Structures are given as C-alpha cells and as structure tokens.
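Protein sequences appear in the order of chains V and A. Position 267 of the first sequence, counting from 1, maps to 267 under this note's numbering, and the rest follow consecutively. Position 85 of the second sequence, counting from 1, maps to 85 under this note's numbering, and the rest follow consecutively.
Please note that a few of the clues may not be correct.
Stated by the list, open to error - Beyond 10 Å from chain V on every Cβ pair, some chain A residues (computed):
no., residue
1, PHE29
2, HIS75
3, GLU77
As the list claims (entries may be wrong) - Covered by chain V, according to a simulated footprint, are these stretches of chain A (three or more residues, beta-carbon under 8 Å):
no., segment
4, 37–45
5, 103–112
Keep in mind that the hints were calculated from the coordinates and are not lab data. Source: prediction; values computed, not measured. Built from N, CA and C at the ideal position, the CB exists for glycine as well.
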Amino acid sequence: MRVSIAILAMALGATGAYSGEDASLTLEDGQSLTIRTDAPPHTENLSEITSGWVYRSDETQALQLDDFDNPAFVFVDQGIDLYAAVDGSEGKACASCHENVEDFAGLRASMPKVVDGELVTMENLVNNCRTERMGAEPWKWSGGQMTAMTALIGLQSRGMPVNVAIDGDAAPFWEAGKELYYTRVGQLDMACSNCHEDNYGNMIRADHLSQGQINGFPTYRLKNAKLNSSHGRFKGCMSNIRATPFAEGGDEFKALELYLASRGNGLSVETPSVRN
Amino acid sequence: MYRILTGAAALMIAGMAQAEPVAPSDVMFDDGTVAASLTGVAGDPVAGRQVAMNRKLGNCLACHVNSDMSEQSFHGEVGPELDGVADRWTEAELRGIVTNSKMMFEGTIMPAFYKDAGYTRILDDFAGQPILTAQQVEDVVAYLMTLAE
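In isolation and in its complexed conformation, chain V is listed as follows (with noise of 0.2 Å):
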C-alpha cells in the first residue's frame, strides 16, 4: 500500500514541477551522492530510503550541485575561521589539536554514538573541547557558530554513507528515540511518522513531504537564509502540531537523533543541504 502510493506520487511528480525526483545528485567535482537506496533492516515500514533532496522543487535542487551556488558555503568559510580562531583561557584554537580539520572525515556519518554510556551528538564534541580542553565558553546549540562548525566539520564526511549504530550501548537511546518518533503529540495528534513515513511524496498544503532525514544537517534554508541544526528542524515540526518542543540538546532530541540519523544508514552525508 506505502509502496504504491509512493510510486504514484513519484510518477505524479515526474510529469509536474518535481521532475527531480527521477534526478540524480552529482556535485560539480563530479562526486555522486547516494540520495535513494534500500532501508535498513531496522527501518521496517520503508522499502526504500530518499535523502530530503529528492522532494524539492528543480531550482533547490540545483543550488546544492555546485559549492559555488550552495549559500550554506558562506557558513562553511565562517566555520573555517573559528576553527582557526583561538579562544578561552587556554589559548587554543580547535587546529591548536586538530591541525587538519580533513581528519575529521568519517565523523559525521558515525554521529550521533555512545562513548561511556552517554548520547553524544556533533554539537556535544564540539562544547565539550571548548569548555574542557579550551577554558571557552560552550555554544549555543544553534548558534550560528555552532552550526558553521558543524556544518565544516560534517562536509568532512560528505559522500560517505551515514553508518550509526543502533546495537550494544546505543539500544536504549534508539528505542527512546524510535518510541518519540511513533508518539502522537500537540494539538493535531500527530506523530512524525504520519507525515514522514505514511505521507512523504504527497503535498501537505504547498510542501512536498520528505522522509525527513538528517543526512543533509546542518541544512541552510531559504526560509530562514541561515544554517538549521536538526533539533531546530524538529522543534519546528513539533510547533507546528501543536506541540511543546523538546528542549534542543536534551536526552529526547538527541534520541530522536540517532533514530532519524539510522533510518538514513546507507544515504550519502550531504552536509551542508539546500532546503526550503
């Protein structure tokens, strides 16, 4: 049933404003990206997973192809900066330890991940060396320094396939966050699942509605001309049901996290994503 909808959504959509979906994402240094494969085993109710690009109109679509056209690339040059830029009593910079930030190839597509029995998200790396190593104050979650150091930090990683994993310590964190996923909240009653999983492909008003993945995160939006952490796309979703948000940062959202962040295992790493 989920399958054929989809299928007809997707021929509905080759003939309108959306003949991206049938597109492919191929950056302009000839790099391919994996936006379409099969869903992981644990993602039981999708045959197929799609990265968020998919579903945007051809002229979104066209300003992730090309480093040059990608506006989050100005954040990016911000991100490169700071990581430069010592700060705190320390007097250290993130290249004080982390000479090349290219070492950090591989990381986003592991994150978020359990290191002694705690969720740790990209955002927790990063405040943990300026409070512990630097003497810096931590960020603010999405800040925008926090997000152009996520985002450069992420773009280390593009490419690769999004790998977190959801056995041994991360088990209980990713039942709490797949528990959240399934829970209908606000006053519309709805749980990301209704929009993300039983409705993506179909429009909702004027949106095209994505499987909501996070491979492409930070994502600069249109909307909001800036850089969006995940939790602030999820805070967003739950306002507009309704619903109180989850703190950004707090044990729900960082569950969510790895929930949402293994339901894409095997899509590219797309950070930094053009989005409306």
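Position chain A relative to chain V; hints supplied.
What follows is chain A alone, placed relative to chain V:
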C-alpha cells in the same frame, strides 16, 4: 393553558440549546457518526467555507483537494478529495468526521476538530480548547453538505 405551557417550555429548551453547545467531552458518537446538532443552530455554509479554508482553523486544504476552492493555490493530497463528499456521506457522518475523525477512521492522520482533552504535550496556547467551536463545526458540516456532484 396546557398549550401555552408546552409552548413556553419548548421555547426555553430551544433557548438553552442555543446558549449551551454540547461540550466536546459530551458529544455522543454512534459508529463514528454524530446525529444531533452540537448547537441546535443550523450551520451556515458560507461561514463554514471560510472556516474550512482558514489556515489557523480548518485548514482542510492542507490535506484535501477541493475543486470548490480552486481559487486557492496548493491543495494537499494527504486525504481524499472533498469533491462530492455530500454524495458519499450523510450529515451525521460528516459531523462525526469533522468532530473527531478517529471515531470513523481508526488511526487517521486527520486531526479531531472538536476535542479538548486527552492530548500529549499540547502547547499551552491551545490547551483545554478544541480547534473549532461547536458552531464552526456545524458551519463546516453545512458547507460540506453543499459539495454534491
């Protein structure tokens, strides 16, 4: 004398019905349908069209195509088309669907428009109140009853 009394009583009952709509928790469902008006006041299809269209009220176009509103751009495709619903459903069925569609369609994504309790993590601004008032539900139902083909 007897006649005058019953007349007055009838007037009083009608007056009460007008002042006190059925509370969301008191709506009586029978197989997903709601036979009795929530207010005792006939629905206004013109007002109902506006309520259905309004993004902060019915926002029905978010999910439904409706040719009667073709002047509006972007109709959603999450639910079935509303064209011809008056041919497919009775007034009591439509009242049930708008009041709380979960009573008719198990597990549906469609929100309940006249339900004020039992929600999880509802935003404070909306707590304790239904999306639509009882009269707005009646107006939307009256509007849906005009959608015959």
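Here is how each hint holds up against the structure:
No beta-carbon of chain V is positioned within 10 Å of the beta-carbon of PHE29(A); the least distance is around 17 Å. For HIS75(A), the requirement that its beta carbon stay farther than 10 Å from each beta carbon of chain V is not met, with the minimum near 8 Å. Distance to chain V contradicts GLU77(A) as a non-interface residue, since its nearest Cβ pair spans about 5 Å, not more than 10 Å. Closer than 8 Å: that is the beta-carbon criterion, and the segment 37–45 of chain A has 0 residues meeting it against chain V, so the requirement of 3 is violated.
Counting residues of the segment 103–112 of chain A whose C-beta sits closer than 8 Å to any C-beta of chain V gives 3, which meets the bar of three, so the coverage hint holds.
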